[in-house]
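Student: Chains as they are written, first to last, in the numbering used here: chain A, 554 to 1150; chain B, 701 to 1295.
These aren't lab readings, by the way, just hints derived from the structure by calculation.
From the three backbone atoms N, C-alpha and C, an ideal C-beta is built for every residue, glycine too.
Among the hints, erroneous ones may be present.
Below 27 angstroms or equal to it, Euclidean Cα-Cα: the simulated DSS-like pairs (lysine-lysine) are [claimed, not checked]: (1) Lys813/B to Lys709/B; (2) Lys829/B to Lys666/A; (3) Lys875/A to Lys913/A; (4) Lys580/A to Lys796/A; (5) Lys758/B to Lys829/B; (6) Lys984/B to Lys580/A.
Over 12 angstroms on every C-beta distance to chain A, these chain B residues come out as not near it, computed from the model [unchecked claim]: (7) Thr772; (8) Ala879; (9) Asn894; (10) Ser914; (11) Asn927; (12) Leu950; (13) Ile951; (14) Asp960; (15) Ser1060; (16) Leu1107; (17) Asn1277.
The residues making up each chain are set out below.
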Amino acid sequence: MSSRSLFQQTLEEMDGNPQQIEAVQEKGHCVVLAGPGSGKTRTLTTAIARALLDDVVEPRGIACVTYNNECALELEGKLLKIGIEPSDRIFIGTVHSFAYSQIILPYARCVYKDFPIEPQIATLQQTKQSKLNSFQVVTGKPIIQNNTWKTAELIRRTVVNRNSENWNNQDKGIIAIINSYENDLRKNGLIDFEDMPLLAARLVIENEWIREAMHAKYPVLFIDEYQDLGTALHELVLQLCFKSNIRLFAVGDPDQSIYRFTGANPELLKSLTTYPQVKTIQLPFNYRCGTSIIEASNSALGQDRNHKAPSGTSKGLISFDKVDGNLTEQANYVIKELIPKLSENGVPLEKIAVLYRDSKDGDLLSSIAASQNIPVIRADRNALILRNNRLSRFIEACSSWITGGWKNASPSFQHLTTEAIRLVYGHTISREEQRYIETTLLGFLHKTINSTGSTHDWLLKFKEELITPWLALAKTKIDDWSTIDTMIQRTDGSMNNSDLSLLQFSGHMTNEGRLNLSTLHSSKGREFDIVILFNMNQGHFPNQYEPDNSEDMYEARRLFYVGVTRAKYELHLVFQTKHYSPWVAELYRRLRDKNQL
Amino acid sequence: MRLSRVQIKNFRNFKSLDIPLSGNTVIVGENRVGKSNFLFALRLVLDASLPDSARQLKQTDIWDECTDPNPTVEIHLDFSDFDSDEAILALLTDYRLAEDHTISRLSYVYRKKPEVSGEAQSETDYEFKVYGAGDESRGGISNSVRNKICIEILHALRDAETELGNWQTSPLRPLLDDAISKVPKETIIEVAKNVEDATAQVTNITSIKDLESSLTSKISTLTGPMNDVNAKFGIAPTNPQRLFRSVRMLIDNGKRGISDASLGSANLVLLTLKLAEYEWLRTKNDQNFTIMCIEEPEAHLHPHLQRTVFKKLFESSKDEPLCLLMTTHSPNIASVAQLNSIVVLKQENGLGTVGHSLASLALQPELMEDLQRYLDTTRAEILFAKGVIFVEGDAEEALMPVFSKTLNINLDDLGISVCNVGGVNFDPYVRLARSLSLPFCIITDWDPLTGKQPLGINRLLSLIQLNNELKNEEQMSETEKQELSNDEEKLKSLGMENGIFCNNSTLEIEVAETPELGTALLEVIQAQNFGSVRQQRIESWKNGESPINGEQLLSMISDIGKGRLAGKLSEASIGLNPPEYIKVALEYISNNVQS
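Modelling step: build the complete structure from the supplied sequences, incorporating the hints.
Tutor: Rendered as structure tokens:
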């Protein structure tokens, strides 16, 4: 939103939603609590645009961070549409990459004298080796004691300040494990994923000059999906915003916090709202879901939220689809009966999503879909293109370019170059380095332009001609480059007849004409006309590890809530007759009592 | 923020230059010593307008005497105190040094490409890199740094008149454009109308009208109707936008244009406008910091004007985000510069051009002021000298040239200055000479006192101590000092090794006791018409009937006035040998300067 007129126009479109306008205009610390479909992204991007127009003067800038790559890419795309591009002064990315590239890389070398000059991100194997070595050092035996490690990991994640009493009061053996593990990593020039927020937070806590420098560079910090942050990242934000003068603009929804396994804690977002200097704004409307779906979401969560639908919103449909048979039968029902019926009614495939907890369910559904010649696009661990991986998104974008995107610059070659530079170098580079990336990239793409053949063959060449030489140059691999091998393996026609034409491959991210198969986790932030919640069976949702009133159970309920609130018009719950989840029964009773069935 | 250190390796005149700076800087040096190359080195790192082709150096840009088959040219610029301005902090924070986070470093390097094995065959085997943080792996410098921290050079051979006259290059253009943008439209139209009317009045004068029509018809005959340019007489274009572009800077209350001004005045106007332009660029946030390099600002300026103009310029830029960097060989400018801002460039055999900076000269404020005053009154002579003789007072100052002539030492030819410190506090002057790496000697009195230890003992001891300190040599122990205090001979000879030359009493007595010179002195005193007692005394000293009484001699001298006597004595002592300690001192400094 480089122009003020465009910004004014957006602001006018917000008429009728004073809370959104208030959030956009807020000049102090601000937390926006935004339920499903509340116009969160629009509020965020407009607030960013306003800050750039009114508050922040070059060469100072802003940082917009979010928890995972998928959301970061999403946000980047939305900002690009209003003319805001990442640059030296505009950071858009994950909190981890923010911590790494903006704090650890420039400053750790000034503070910790023995810090690796070019720290690499440890692979799973390398972290395992360091764990083993640390147990060897501390206990004398090269055996990882799982419970001890779990405690160590928890303490490492949650006790951020190592000069604090809390840290000193911890079990000395556990502390020894943590120290020896970290030393072992450093000795090998490594940091692990957890180190990124931890080191960054500690650098910021311990050095006032770093806080001042951060404030100079990024006087405003925007954080999306705040509920996904863990203690270390939260501590980093508190330090930056309340110990230096960085203005905080945080957006999130505690009800959609579903990353407990990575340390996320919805209470952190709630605690932000209790700071006296923070203005909390609750966005009241749900523009997405039909009224009965909103009602259903309250039940799914097990708590009432006062989300309102704008007047005139249709009711929507909730359907309880019982199937007399096992999971395969249920999948058959979805693919062979429900989908064809919806298609007959004129619903395009890309408007439908089947959501499930476990990627295995995705395997089952996609194999049946293949037999029925229903094209699908998967968003889960076994997907061909991992939504959460920048490299796989980049490869897909390259394929779009050669299969016709080059004609109307969609994506633009410049965008591809920028992304390649970000992947390979991750920092400002010389013109020569830029020329190298441009010529190698253009050389390869030009050679394969308009090819329609096998994706597998193209990926093999992609690896040989681009990935291999680039990888040799890449200093720090913050992204997982092995994705290319996974993609090559997953398109290997000789193995499982899964090769596809480049044309099919390239349309993947636009998902036109394809049925969406997605885990509940990957569905966050997205919306579909029709949502089919698959495998709502007893013992699966919640499962045996999620006993009543446990934190894990609440987490699972939030996951269910996320699933329900993806639907605009129709929600299908698919389960085995008489073996339904207790939450399905609860939902049914509530809707029946409120006459919403 | 300030540019706090510059390092240049293997570039043109410089083998290995490493100098601290303290903000505004005046670079003093003889012609061809590399002042312009120094500025170009800064541009290689900072100048956004310098094309890659200029950054790709030539073999001839490498230091001439470099014997390394694969030399590397390196330029490092360090910035300090960049955290008070948030915009500048935002620009520079990424380039902090690992060993000192309060310093940001921007670097340029030109070297053989790593992929070329063996010796480089041609210039294409070389590459350049510009990077930050003193660490190439941290990546290049973002463009915004070079756009926001600007380096601008006013070249020595600038043509102020043309630059001001051309609308495109004139620094007046953006300022005027900005001013015009604030004028209401109606006013512009009204002015345009008035100009049109005035033009009509002029062009309606019959003789002018005739000339116009005769000329325009000639032009259209030449070009033909299709290509006619429709030429017309006018005072200024009447198109409102163009009208204001004909606003010019005039001098003498609007009587004359810049082109009629002296070169000096035109230069001053250009300089003022440039500074105003940068100030304006900073207010509209196109720039955050300007490094303004002015080559030979003295060009075409009257010495008096040089002093006043640049004194004011230095003072007014102090609190601005502006760093003035001047190269000069004008003593007038050097003498008004802040002492700490002075850098002297000198050629040294085998080392290329070396730099001596006074930036890290640390002295108490009042001593600093003393030196500053000294620099001002002597027109910064010491900065241009090759050697210096420090003396206590007027008498020595007047006599040294005479004595050296006797010894066949030509101080002027050798570039040796005599510096009268007006007392015995040699300390700050020694520090100054050391900072400039300038050979020096000190000529001082032993100053014996009745019943007490001679003043010369502690003076010598502390000067020797100072020398040790400045040369980073070990200090004397208390016992050593005690020993020296008791051994006059040993102390004096150690003093001489340190360039400190001391007599046995005071100058006047030493002179009086020197054959021939002593007679000359007594004759000068004799000519003062003292009373008979004094006349008799002088007579008996002259005849050698009685030994010279120091106290009586000094009392006569003080009645005449030391300075007056010195003047008279210097005339009388032409061709006479000086006292031994002065002879040794003069030979010492002359040898040192020539070696």
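Student: In terms of Cβ atoms, is chain A entirely out of 12 angstroms range of Ile951/B?
Tutor: Non-interface label on Ile951/B holds, nearest chain A Cβ at 38 angstroms vs cutoff 12 angstroms.
Student: Find the nearest Cβ of chain A to the Cβ of Leu1107/B and say whether that gap is larger than 12 angstroms.
Tutor: holds, 58 angstroms
Student: Please work out if Lys813/B and Lys709/B have their alpha carbons no farther apart than 27 angstroms.
Tutor: Between Lys813/B and Lys709/B the Cα gap is close to 18 angstroms, so the pair holds against 27 angstroms.
Student: Report holds if the minimum CB distance from Thr772/B to chain A is greater than 12 angstroms, and violated otherwise.
Tutor: Given that every Cβ of chain A is farther than 12 angstroms from that of Thr772/B, nearest at about 17 angstroms, it holds.
Student: For a C-alpha distance cap of 27 angstroms, please report whether Lys580/A and Lys796/A respect it.
Tutor: holds, 18 angstroms
Student: Tell me if the straight-line CA distance from Lys758/B to Lys829/B falls inside 27 angstroms.
Tutor: At roughly 15 angstroms apart (the allowed maximum being 27 angstroms), Lys829/B and Lys758/B satisfy the hint.
Student: Once the closest CB in chain A is found, is it more than 12 angstroms from Leu950/B?
Tutor: Holds, since 37 angstroms exceeds 12 angstroms.
Student: Would the non-interface assignment of Ser914/B survive a Cβ cutoff of 12 angstroms against chain A?
Tutor: holds, 54 angstroms
Student: Was Asp960/B rightly flagged as not at the interface, with every chain A Cβ beyond 12 angstroms?
Tutor: holds, 42 angstroms
Student: Is Lys829/B close enough to Lys666/A, meaning Cα to Cα at most 27 angstroms?
Tutor: holds, 26 angstroms
Student: Is the Cβ of Ser1060/B farther than 12 angstroms from every Cβ of chain A?
Tutor: holds, 23 angstroms
Student: Take a quick look at whether Lys875/A and Lys913/A sit within 27 angstroms of each other, Cα to Cα.
Tutor: holds, 21 angstroms
Checked against the numbered hints listed earlier, the structure breaks none of them; every hint is satisfied.
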